[in-house]
Amino acid sequence: MVGIKKNKPRTWRYVLTTCVMLLMIYPFIYLVLNSFAAWDQVDKKLIPTHYTLRSWQWLFSNNATAAPAPWLHAFFNTFVVTTLSVALMMLFAIIVAFALSKLNFRGKKFTNNFLLFQMFFPGIILLVPQFLLVTKVGLIDSYAGLILPTAVSLWAIFMYTNFFKSIPDTLIESATLDGATPLQILFKIIVPMSKSITTVIFLFLYTERWTTLLWDMIVSKSDGTVTLNVLISQMFGPYGTYPGPMYAASVLLTLPLIVLFLLFSKNFQQGMQYTLK
Amino acid sequence: MNKRNDKLGFAFTAPYIIFTTIFFLLPLLWSIWLAFTNWNLISPDIQNVGLGNFIDALKSPAIHAAFFVTYKFLLVFVPLAVVLSMIIAVLVHGLPKFKGLYLVAFFLPYLSSGVVTSLIVKGFLSYNGPLNTWLRNRFDVNIDWLGSPNTALFVVSFMIAWKMSGYYALILISGLESINDEIYEAAMMDGASNRTIFWKITVPMMYPSLYTVLILAVGVSFGIFTEVYQLTGGGPNYATNTWQMEIYNQAFVNLKSGYASAIAILASIVTFMSISVIRKLIEKWGHHYGWN
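Quick mapping for you: the protein sequence lines, in order, are chains A and B.
To convert a position in the first sequence, counted from 1, into the working numbering, add 7.
To convert a position in the second sequence, counted from 1, into the working numbering, add 7.
It is worth saying that the hints were derived from the structure and are not from the lab.
Heads up, some of the hints might be wrong.
Said to hold, decoys possible - Calculated pairs, BS3-like style, for lysine-lysine (alpha carbon to alpha carbon, straight line, at most 30 Å):
1. Lys-106/B <-> Lys-228/A
2. Lys-172/A <-> Lys-109/A
3. Lys-104/B <-> Lys-273/A
4. Lys-104/B <-> Lys-195/A
5. Lys-14/B <-> Lys-202/A
6. Lys-106/B <-> Lys-207/B
7. Lys-116/A <-> Lys-287/B
8. Lys-273/A <-> Lys-106/B
9. Lys-51/A <-> Lys-129/B
10. Lys-129/B <-> Lys-79/B
11. Lys-14/B <-> Lys-115/A
12. Lys-287/B <-> Lys-207/B
13. Lys-109/A <-> Lys-10/B
14. Lys-202/A <-> Lys-104/B
15. Lys-195/A <-> Lys-116/A
16. Lys-287/B <-> Lys-52/A
17. Lys-202/A <-> Lys-109/A
18. Lys-106/B <-> Lys-202/A
19. Lys-104/B <-> Lys-116/A
20. Lys-202/A <-> Lys-115/A
21. Lys-195/A <-> Lys-143/A
22. Lys-195/A <-> Lys-66/B
23. Lys-287/B <-> Lys-172/A
24. Lys-116/A <-> Lys-172/A
25. Lys-14/B <-> Lys-109/A
26. Lys-172/A <-> Lys-104/B
27. Lys-195/A <-> Lys-115/A
28. Lys-202/A <-> Lys-10/B
29. Lys-116/A <-> Lys-14/B
30. Lys-172/A <-> Lys-115/A
31. Lys-273/A <-> Lys-172/A
32. Lys-116/A <-> Lys-10/B
33. Lys-14/B <-> Lys-172/A
34. Lys-115/A <-> Lys-106/B
35. Lys-115/A <-> Lys-104/B
36. Lys-109/A <-> Lys-273/A
This is chain A alone, in the form it adopts within the complex:
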């Protein structure tokens, strides 16, 4: 079944795979076409026949809400929150993973084990008290409230720790003999060697943070901090009569991730090959 049937014409394989691929991609096509569809055709046809820019114009004007251009502001919020969260997650993961893989200190084994325990711990138990904590310290409805509780990724620490372990100790020892400090060794030698795994971790973290709903939904209470994902989610019900603009907003939410992924796709494939070994 696999790797055999070499005598069959190969074109059929491409035709079949392409058909399956088009089926898988179709929801995206449906999304984009509906964001440009005439309003009486939205959600009516597999492929709309009349097109208009009305949905996009609606999105960029300040229809239906008091705030000026709420959708653009929500996009900006998503960008700020995701970028800062992921930057912190990456930075902390690199630093902590370096300690857990290359340094020798008291409590290292315990920290490693606790990290694993925490990774398999069902996180849902933390939702209510984390929300109360953020409320108590006055971070509700602020960027900090959205970012800080998501500033450390256990998964990223785990992935980096495993990767750093595969880097030979001799490299670090010789750099130490040359007088390099641990921070220099980490950021001048180890991090540059971790390009492909960094791409994989970055893309997964960015996608996940960009599309987070539950936490962002309970923390952001106003137009000032609401993320695009949450705004679309809120407008789902009461603005159900404007499905066209919802599709346009969804394109706005999805497109940056696709562009980012395509930009890094080569490094991503290399990195995946490493992580799957």
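Starting from the structure of chain A, add chain B where the hints point.
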């Protein structure tokens, strides 16, 4: 570097230790304490209710639903995701060229937000949507996809399987590529059928990547929230009421923090035990193939 240096080690692990203390240990203790109170998020008056919240939870039909719905999702979503990703992996693996390009295309659904896919699915499956219009004209039937218990559960499972399958296919294809072609050739010489080859050679030999996919998929089915929140709100009649949905409703809609914490503790225990048992079962299946 092999010299022990406690100060350096502590300095480098400090971000993790501080974060875990504030956002893991503290909330964990807080939630255990909350579970024994009747606090409602606003009232300054907090009373100890003992095991009251847990007893209420065990009597609640919504909790009974959450318990079973999770396993229903598991039984529908996991096979769906594994089959779909297996089809993709086998198809792409059979291509002599452009494998990377196709894998990138199949991975794109993973980048979609649950909110966006819910929007698409809701529009596509609505009464006047393309699918129902076609079914009406062709077969004279109307299906209330999100309003009937079985179809609603299936639709949500299918959406998540669609989202994850490209990612899982990446994992499976690395398993397929680790199998040597000579084994297939030998089996074909012995006259083995394609089906025998698939079940007796391909599946056992790619067990490690199947294991990864199964564990990931099982984890996903215990954490379903966004799609259910957007499309059904846990309905109809609790048919899609997951643990997450119930905790959200109790904590942030009904504002019963204490009760929600008790449910969260129950959910964590059930989830942790279920995943441990399932993991053991999958590992047992691997032992059968000679993997340990």
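Checked hints:
no.	hint	in the structure
1	Lys-106/B <-> Lys-228/A	violated, 45 Å
2	Lys-172/A <-> Lys-109/A	holds, 7 Å
3	Lys-104/B <-> Lys-273/A	holds, 16 Å
4	Lys-104/B <-> Lys-195/A	violated, 37 Å
5	Lys-14/B <-> Lys-202/A	holds, 29 Å
6	Lys-106/B <-> Lys-207/B	holds, 25 Å
7	Lys-116/A <-> Lys-287/B	holds, 25 Å
8	Lys-273/A <-> Lys-106/B	holds, 12 Å
9	Lys-51/A <-> Lys-129/B	holds, 12 Å
10	Lys-129/B <-> Lys-79/B	holds, 22 Å
11	Lys-14/B <-> Lys-115/A	holds, 12 Å
12	Lys-287/B <-> Lys-207/B	holds, 22 Å
13	Lys-109/A <-> Lys-10/B	holds, 11 Å
14	Lys-202/A <-> Lys-104/B	holds, 26 Å
15	Lys-195/A <-> Lys-116/A	holds, 26 Å
16	Lys-287/B <-> Lys-52/A	violated, 47 Å
17	Lys-202/A <-> Lys-109/A	holds, 18 Å
18	Lys-106/B <-> Lys-202/A	holds, 22 Å
19	Lys-104/B <-> Lys-116/A	violated, 45 Å
20	Lys-202/A <-> Lys-115/A	holds, 26 Å
21	Lys-195/A <-> Lys-143/A	violated, 41 Å
22	Lys-195/A <-> Lys-66/B	violated, 59 Å
23	Lys-287/B <-> Lys-172/A	holds, 28 Å
24	Lys-116/A <-> Lys-172/A	holds, 14 Å
25	Lys-14/B <-> Lys-109/A	holds, 14 Å
26	Lys-172/A <-> Lys-104/B	violated, 34 Å
27	Lys-195/A <-> Lys-115/A	holds, 24 Å
28	Lys-202/A <-> Lys-10/B	holds, 28 Å
29	Lys-116/A <-> Lys-14/B	holds, 16 Å
30	Lys-172/A <-> Lys-115/A	holds, 14 Å
31	Lys-273/A <-> Lys-172/A	holds, 24 Å
32	Lys-116/A <-> Lys-10/B	holds, 16 Å
33	Lys-14/B <-> Lys-172/A	holds, 21 Å
34	Lys-115/A <-> Lys-106/B	violated, 42 Å
35	Lys-115/A <-> Lys-104/B	violated, 46 Å
36	Lys-109/A <-> Lys-273/A	holds, 29 Å
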